[in-house]
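K.L.:
Here is how the chains run, residue by residue.
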Amino acid sequence: MATISYIPEYAAPETYLNTRHTVASWLLTKDHKRIAILFMVSITVLFAVGGTAAVIMRLQLLTPHSTLVEAETYNKLFTLHGIVMVFFFLVPSIPATLGNFLVPLMIGARDLAFPRINLLSWYLYITGASLTITCLILGGADTGWTFYTPYSSSFSNTHVVLAITGVFIAGFSSILTGLNFIVTIHKMRCPGMTWFRLPLFIWSMYATSIIFVLATPVLAITLALVCLERILGVGIFDPNLGGDPILFQHLFWFYSHPAVYIMILPGLGVISELVTCYSRKAPFGYSFIAMASLAIAILGFLVWAHHMFIAGISIYGGIVFSILSFMVAIPSAIKVFNWTATLYKGSIQLDTPMLYALGFIGLFTIGGLTGLFLATLGIDMHVHDTYFVIAHFHYIMVGGAVMAYMGGLHFWWPKITGKLYPEWWGRIAALILFFGFNLTFFPQFLLGYLGMPRRYYAYAPEFQVYNVMSTAGASILAVGYLLPLGYLLWSLRWGRTAGPNPFKAAGLEWTTASPPPPDNFEETPVAGEPYNYHEMDFSDV
Amino acid sequence: MSDLVAHQFDDLEQQTEADTLGMWTFLATEVLFFGGMICGYCVYRLLYFPAWHEGSLIVDNFRWLGVSSGAWNTAVLLTSSLTVAMGVRAAKMGDNQFLAKMLVLTLLLGIAFLAIKAAEYTHEYHEGVVPGYSLFHPDEEISGDLRQAAANSQIAENTLRHEFQLFWVFYFFMTGVHALHMVIGVGLFTYLLIEARRGRFTPKKHAPVEIMGLYWHFVDLVWIFLLPLLYLVR
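Protein chains in written order, with my numbering: chain A, 8 to 548; chain B, -14 to 219.
Careful: at least some of the hints might be erroneous.
[What the hints assert, rightly or not] Quick partial rundown of chain B residues pointing at chain A, CB under 8 Å, derived from the structure:
#	residue
1	Gln(-7)
2	Gln(-1)
3	Glu2
4	Phe18
5	Gly21
6	Met22
7	Cys27
8	Val28
9	His163
[Stated by the list, open to error] In silico SDA-like pairs for lysine to any residue, Cα to Cα no more than 25 Å straight-line:
#	chain 1	residue 1	chain 2	residue 2
10	A	Lys37	B	Ile196
11	B	Lys190	A	Ile341
12	A	Lys194	B	Arg48
13	B	Lys190	A	Tyr155
14	A	Lys37	B	Leu63
15	B	Lys189	A	Phe203
16	A	Lys194	B	Glu195
17	A	Lys194	B	Leu63
18	B	Lys102	B	Leu63
Keep in mind the hints are simulated off the structure, nothing from the lab.
Ideal Cβ positions, reconstructed from N, Cα and C, are used throughout, including at glycine.
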């Protein structure tokens, strides 16, 4: 066949997706965009695991004395749900996927500063997740995701060490991601990209990274001490052996409260991008929104003991931590007010990402305001360890962080895959999620206020009606999660080709091809003013 | 673009700055890592003064030529920081031979530190204070000094024993994690030594030495905190 010398062929432009196809080219990739996809697939699997545990719990709670699972199994289920959702879904969700993908693109860099460390971060995550799954297969742990001592160290007969080791290793994954982002944002911005031209998403990533780097090591050391206590039988946190369980709680919440902001700050960043794009306006008070992210990160380090108001800390300590917790409301409210002011006189377009963004603003406000209830010493006495707390943090974590993740995923889906998601299905799914979420968790505020404690497998019969509502909501929520899984995968093959900037959004990531070439930009971009929507032409939208 | 510069960077300067900032950020993590331990240590030191006083006495009674092993180790480690600093200067001037010499000295001093620490650990094992020791020697009697301390402070003997053991948990944990950092440092310096012997460092490319230097100085600095907390405070 030597006569055929030239086959005319349509040459598809080289993108990060089609540049190589082998399995090794994915598992050994140093491209931040591919690593983002590796994380995306992994956290989706873990989300399914954590979600399944939640579904079984909600089914158990359909009736007051259900025998679907035993008490011990129920304890293991909520522990699994907590550990997986907190450490293996929410913490890495936006930073390791959208953040990983977008940080270099948004600041006009070719990659993160340390691509190998980025890959290492994924392997650490996978190792931690595998240990946690192994723990689940061997029978699970029953300590709750908080690993409170002395139960976790001296009494529990489950696989606590395995679970803790998994979380410990995943912690280093977070630290490395944070380190990578900080260095990248400091040193790799393209010409013209000054600090106050950074997209607000980058500011929130920066604030999140600070928490990753400064809070996670304290969790690591605390969990290492718990393991030591369990293995050697010494009493670091066991009062029978001279230890102080309150010290454990201080050290644990020194990480785990800032970790709450690890989970919500990236969401706040995503919403800032969505609200500006879909109201075609620059954000109202850019620098206030940016600085509010940093303020939340810093204040987040000073409020940890509000988890311990009834654990025996002094009343003066309680008052100080109560006041500091109230102060977090200030930067949070600044953000909500500024988003709302951005909407004012904007040309609002109710596409799927915007539906998520608007849902987020409402749910985040409810979650934030009920946080003020909990920061109040007297009310916290009443509702501590009840479903009120569960409802509060699910409004922030699911209504906030997960809604933002879903919104961001839809918004940047064309950039990541080059394909458009089906808009009609997207809107339907967003509405189903919003409705299902509220039906699941709003009754839990009432349940908690009426006195139903968290973490019990059975309850008094008068609580049943709210529990039935909640379980019904959870099943709607499940549909809301399965729908996007279906149509997003469908769009990979059958979705319309997106083009570089299908939503007419501002930002450097929209100036390159979708999906981007391996080095992100054909030539190094030069950044101008961010959010220049007033200069853009929307006549064809 | 030369092959010294990774593809994501524009030039060597940007790469060096990024690498250095990366190490500083990592050290910030490390500060909090050790900070958690030191916080726990301080809490128990204040809570359980009499028992921890007995612990400090034992830590400090391992001596050579009349000087506590803690002091020896401090001298060894500070000297190693000096040799590292001289090595970094040599790397900046592209003097690979002198750098290699300094790295060998650093390695020897690092290993000397670990050897002294190992001797201390052996001594403490024979004193029966290693956490978990009681798992293997359940019938061990409470030692005379501790009984005396219990009598003086009017704390029940068994309680004092638990508190005393807590001191050793923190002692071994803090020095152990520090020693682990030393071992990692020794490994990385061995790698640098091989590179220096191959003449890899030039005035333009010396960032790895400088960054490893930062790490080593940090590990040194941690010891400067551990020494007063574990050896000097009574």
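K.L.:
Holds or violated: is the Cβ of Cys27/B closer than 8 Å to a Cβ in chain A?
P.N.:
Because about 10 Å separates Cys27/B from the closest Cβ in chain A, which is outside the 8 Å limit, the hint is violated.
K.L.:
Lys190/B and Tyr155/A: Cα distance at most 25 Å?
P.N.:
violated, 49 Å
K.L.:
Between Lys190/B and Ile341/A, is the straight-line Cα distance small enough, at 25 Å or below?
P.N.:
Not OK: Lys190/B and Ile341/A at ~47 Å, beyond 25 Å, violated.
K.L.:
Taking 8 Å as the limit, does the beta-carbon of His163/B come near enough to a beta-carbon in chain A?
P.N.:
violated, 13 Å
K.L.:
Next pair to validate is Lys37/A with Ile196/B; report whether the Cα-Cα distance is within 25 Å.
P.N.:
holds, 22 Å
K.L.:
Between Lys194/A and Arg48/B, does the CA-CA distance stay at or below 25 Å?
P.N.:
Violated, because 49 Å separates the two Cα atoms, which is more than 25 Å.
K.L.:
Given Gln(-7)/B was flagged as interface, is its beta-carbon under 8 Å from a beta-carbon of chain A?
P.N.:
holds, 4 Å
K.L.:
Given the proposed pairing of Lys194/A with Glu195/B, does the C-alpha separation stay at or below 25 Å?
P.N.:
holds, 18 Å
K.L.:
Does the structure keep Lys189/B and Phe203/A at a Cα separation of 25 Å or less?
P.N.:
violated, 32 Å
K.L.:
Using the nearest Cβ pair, does Met22/B come within less than 8 Å of chain A?
P.N.:
holds, 6 Å
K.L.:
For the hint on Gln(-1)/B, does the least C-beta distance to chain A fall short of 8 Å?
P.N.:
Because about 6 Å separates Gln(-1)/B from the closest Cβ in chain A, which is inside the 8 Å limit, the hint holds.
K.L.:
Under the criterion that the straight-line Cα-Cα distance not exceed 25 Å, is the pair Lys194/A, Leu63/B satisfied?
P.N.:
violated, 32 Å
Violated hints, in rising order: 7, 9, 11, 12, 13, 14, 15, 17; the structure is consistent with all others.
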